[in-house]
Every structure is written in structure tokens, then in C-alpha cells.
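Colleague: Please take these sequences and the hints and turn them into a complete structure.
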Amino acid sequence: MSKYEIVLTTDRTMMSNHHGREFLGFLATGPALGLPEKLWLWLAAPKVRVDEEGKPVEAPYGMRKVEAKLIEAGFEAAIIDPDYIHKHLDSIKILMLGHHDYFAYGPPSSEWWMITGKEPINRISFRKLMESPAVKKAKEKGVKIIAGGPGAWQWLWELEYWRKWGIDLVIDGEVEKVIVEIVEKALANEPLPDYIYVGPYDSPSIEEIPVIKSASVNGLVEIMRGCPRGCRFCPVTLRPLKFIPPDIIAKEIKVNLKAGIKGVLFHSEDVLLYGAEGVEPNPEALVKLHNLARELAGEGPIGWSHLTLSTVKYAEEKYGLISKLMKDIILVGNQEFMGVQVGIETGSPRLAKIVMPGKAAPYPPGKWPEIVEDAFAIMHENHIVPAATIILGIPGETRDDVVKTAELIDKLKPYRSLIVPMFFVPMGALRHRDWFRKKHVKPEHVDVLLKTLNHSIYWAEEMMSKFYLKEPSKFPVKLLIKLFIRYVRYRVEKLKPQLEEWLKG
Amino acid sequence: MSILEDRAFHVVLVSKGNLDSKKVLDKLSSYSALGFRKFIIHVLTNDERPLYLEKLRNIVFENIAYTLIIKYHKLSRGGLNELLNRLENNPYEVIEA
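Here the protein sequences come in this chain order: A and B. Each residue of the first sequence is one higher than the last, beginning at 1 in my numbering. Each residue of the second sequence is one higher than the last, beginning at 1001 in my numbering.
Where hints are given, some of them may not hold.
Said to hold, decoys possible - In silico DSS-like pairs for lysine-lysine, Cα to Cα no more than 27 Å straight-line:
(1) B:Lys1074 x A:Lys185
(2) A:Lys254 x A:Lys47
(3) A:Lys164 x B:Lys1071
Stated by the list, open to error - Restraint-style ranges between C-beta atoms, simulated for each label pair:
(4) A:Ala377 x B:Glu1093: 55 to 63 Å
(5) B:Pro1091 x A:Gly142: 32 to 40 Å
(6) A:Trp157 x B:Glu1093: 26 to 34 Å
(7) B:Val1094 x A:Ala285: 45 to 53 Å
(8) A:Glu72 x B:Glu1093: 34 to 42 Å
(9) A:Lys288 x B:Lys1074: 56 to 64 Å
(10) A:Lys128 x B:Leu1051: 18 to 26 Å
(11) B:Leu1087 x A:Ala188: 18 to 26 Å
(12) B:Val1094 x A:Lys318: 51 to 59 Å
These are computed hints drawn from the structure, not numbers from a lab. For glycine and all other residues, C-beta sits at the position ideal for the given N, C-alpha and C.
Modeller: Here you go:
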């Protein structure tokens, strides 16, 4: 007999540890290419270990925060794997959904969808969850459904699904301050608003953010929230900047290690700005933080979620900080490399000045291409493999801006990295602007797409042979990825003559 | 004290056709100058729930600074009076947009 009146869940593409490799999770943002859908889903998002109640050992970090907040407020709340919701139909009163990309409108899902004309797996998977017998039964018995997370805004573009699935409330933004009151109202059957956007003034204080109670996917631990750089396309920059104190970070690392997670994955929009004064890194705070992680995790891997390229260059050139952290603390034991997400966004100094003037700081935005190249060189030397994004179709972009981006990609050839092009999705301070659509694609965009593809295929093959998925147990995953890379190369080669013809014309 | 409604300004939005988002956003901006950072938008409309939100989309996406709480009410004279009675002790403005 279940006791949980509040069940938090999401679909399989989110409820997974992606074989312990976050990069593989991105496969779920595309449609199944060259593989059956089931196999593709397994590759991107295998099922996660659960207990007898269907509680996953690892779950998305944001959902863990909400779960912790509700538990601390005295509710019987738990994250439940989507395959086990039926076990809680007797007790459940509120079903809470979380997602990064409910309907595949975010980057890069929307781009794969546009290019291939096929629905991405994450969208299909979420729809399957909502139309599963367990969710339908829950709704029939009057369970309230509340949807949140970074992809909450997408519901405003899918009002028919909202109505069909009986969503009671969609909430967008940092919810720690308000979620308990919302749940109290829902449990008391008081009317709920339809939509809430939590603005920066209602952002929670450090004290209001709870420590997670159970493990997060791949040991992810938030070290700061917000970003001081103010890029106009980015929603994170709207959140007030706050640093999580080391003692709280240590508590969360311990929660993860206790659950059997082997490593620590620091999450921040720019890990190197932990404890920073503006964009001036704080070497002492960073070294302490990494020593803390190393001490707690033993020889387990330490990872970073995101970096800003200007901080990489500045931190290394001024303090030698990248080499220090990598050689002295991170690359000890079995860890040979670290993957991290970075944003190039554009190779055009003109466009950089307009939409992301703070991203280059403390350097001038006009130097952006040089900053990118220098940072890539530093990361290459230090065994950091960036998965870098490029945004095509930023409002105000000219053909010349796209050419500059293509030139920059050429300069990045010698550096081990993946470069992922994304089409502009209206978010952040630009969220009122129009989407980048197929009709806007110009030959220069196709040139960039081909260059990124060639770059990424080359380095992906190199990494597969040297670093990635070396454990014997990961052999099937490795084999499938190798086959997939070959398939992509074959398709690109086949399409090349047509594309080259189009580029000329 | 409700955290959700604490120090909020209530906008009673009577929508009979297409919504003038700019008019609403200008109002939010003018009240923010008085110190309000949270707006509860009561939408009175004949449109169905949640489809009425399509007309609110621009308001939501144009805003990044304030907390917005959107509530639905079926459009009727009685409903409007009842809502205004409830809001008696709160700062509010009725907008036809």
C-alpha cells in the first residue's frame, strides 16, 4: 500500500542516467535515426534502477529539490519512475511533472525536428507517459496535475494537450518559495491559478533551497544559480546570482555517494565563476571546492556541467587555474578527460556585441572569436572536451555573421570537441522574438551545419577510440554509437553533392 | 499570509475579443514603478480554459521581471462583481483589453 499523496515524475528521456554519460542524453532530443525507436531510446535513456516502490536511485536534480522541499514541509512526497506510477494510484492526490523539454521546442530538439521532419524521441516519450493507463487513471480519480521545470513555458504552445490531459497548473521559474503553498491549496481542493511565472523577486534565498534527500542523476550538485553575463537569448541570466555554500554542497555530494553514485558533477552556468566577484574567478574558492569533492569522492570522477569560454581563457592565463584544477585534483586515478558544455553561439564579433556583450568579459566582445579559439586550445591541452553550441538565426543575424561563424569553426579543427548547431529558440530576454524556421535557412547556414557535422564526426570517432565508454560493460553502447556515427557519415556523404549544388546556387 | 498573493497587484482583465497585450504590459510597468513586482491577472473571458491562454502568451513572453499569476474566470456581470467584492481590500485595476 503506497503512502505517497504527491508523486513527482517525468518521462523516460529524463528519468535515466544515460549510461552515466550526460552527452548520450542528448540523443533523446532527436528522432530515432538509423535505429529502431526502442533501441534509440535505450541508447539515450536506459531505465534507471528503482526500489520496490518504484523510487529511482537517481533522478533529475531539479525534481529532487522539489521533492526535498515537500518532504521538509511534512508531505508524503516521492519521485516515482514513470513505469511505477500505477503502484501509487490509491494514495496519489497530486501528480507533479518536471521536464527540460516537454514538447521538443527547446534547443536542439526543435532543430532536429526541423531538419529531419520527424518528431524527437523526448516529445514522443512524454506523450506516451501522459497517455499511459496509469496517468489516465490518476486523472479519472481526480488527481491534480502540476507541470513545472525549465520546459514549463512550452505548455503555452500546446494548449490542446494541456486541455486533453487535464493539466491543472503550469508553473515556470524557481519554485522553492511557493511550491508548498500551491500543494497545500491543491490538497485542500482550493482553486489553483492556471499559470504562474515566478519572477526574480520571488526567487528563493539560499536558506529556502533544501538539500536533496536522495541521489541526483550522475551525482549532479548545484554550486551556484544564475549567471552575471546577461546574454539576451538565455533564460538563466534572469535569475539572481547566488552561490551555494560548501557545507551544503558537501551534504549533497554525500547523499549521492551514499546512494552508490561514484562521482561528482558540479552544476553551474559557469563552474569557474563559483565564488567569483563579478566575472573575476576566485581561485581559492574553486580549489577548496574541488579538494572537497576529491576528498569525499575518493578516486571517483569529477565533472563540470558548463563553462564560459572567456572564463577559461582568463582563469588559465591569469592564474593557471585550469591546469591546476585538472592536473592536481581532477585527472587523478582513472579519470582521463572531462566533458563540459560551452557556448560559442556565434563567430561574429558584431553579433556578439549585440546579443552577448557580457559573454566575453573581461575581454571586449569584439575579440570573441580569438577568445573562443584560445579557450579551445587550453581545454584541449588539459583534456577537457567541450560540447559547444552555435546558435543560427539569432534575431539581427546577417549572412556575413554566419560566414564568420563558419570561419571560426575552421579554426577550431585542431581541438578535440563536439560542435552542435542550434536554431534560435525565443528564450531569455529574446523570448518574445520569432522562432528560426525552415524558410529562414540560407546557404551560409547549410555551410555551417556541414562544417559542424564534419568536425563533430571526426572528433567523436577519435574519442570513441581513445577515451569514451572504455568499461567492458559499456561495449554494446559503444558499438551502437560507432554504428550511428558511421550511419551519419554515410548519410552526409550521400547528401553532399545536392547540398554543394545548393550552396553554389 | 499567502506567499503567492503577498504584496501582489491584481489586474482584472476583461477580454471580449483579441487581447491588447501592450496595453496590459504598459499597466504592469506603470504599477511596477509604484513598487509592485507581483501581478495576479484575473482573466474574465468567454474563451474556454485553458485555450484562453493563447491570447495571454505575448504578455507572459514579453515579461521577464515580474511574477505573474494567471487565473481564469468565466465572463459575466455577476462574476465580475463577485470578483471585485473579493478584491475590495487589495490594490486592483479593471482593464478592458
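Colleague: Now look at each hint and say whether the structure bears it out.
Modeller: So, going through the hints one by one against the coordinates:
1. Restraint check for lysine 1074 of chain B and lysine 185 of chain A: the C-alpha separation of about 21 Å stays at or below 27 Å, so the hint holds.
2. Under the criterion of a C-alpha separation no larger than 27 Å, the hint pairing lysine 254 of chain A with lysine 47 of chain A is consistent with the structure, at around 24 Å.
3. A threshold of 27 Å between alpha carbons decides the hint, and for lysine 164 of chain A with lysine 1071 of chain B the separation of about 19 Å falls inside it, so the pair holds.
4. Against the hinted window of 55 to 63 Å, the Cβ-Cβ separation of alanine 377 of chain A and glutamate 1093 of chain B comes to about 57 Å, which satisfies the hint.
5. In this structure the supplied range 32 to 40 Å holds for proline 1091 of chain B paired with glycine 142 of chain A, their Cβ-Cβ distance being about 35 Å.
6. The given range of 26 to 34 Å is respected by tryptophan 157 of chain A and glutamate 1093 of chain B, whose C-beta atoms sit roughly 29 Å from each other.
7. Hint check: valine 1094 of chain B to alanine 285 of chain A, Cβ distance near 51 Å, so the stated range 45 to 53 Å holds.
8. The hinted window of 34 to 42 Å between glutamate 72 of chain A and glutamate 1093 of chain B holds, with their beta carbons roughly 38 Å apart.
9. A hinted range of 56 to 64 Å holds for the C-beta pair lysine 288 of chain A and lysine 1074 of chain B, which are about 58 Å apart.
10. As the Cβ distance of lysine 128 of chain A to leucine 1051 of chain B is approximately 24 Å, the hint placing it in 18 to 26 Å holds.
11. Distance hint check: the CB atoms of leucine 1087 of chain B and alanine 188 of chain A are about 21 Å apart, consistent with the given range 18 to 26 Å.
12. The given range of 51 to 59 Å is respected by valine 1094 of chain B and lysine 318 of chain A, whose C-beta atoms sit roughly 57 Å from each other.
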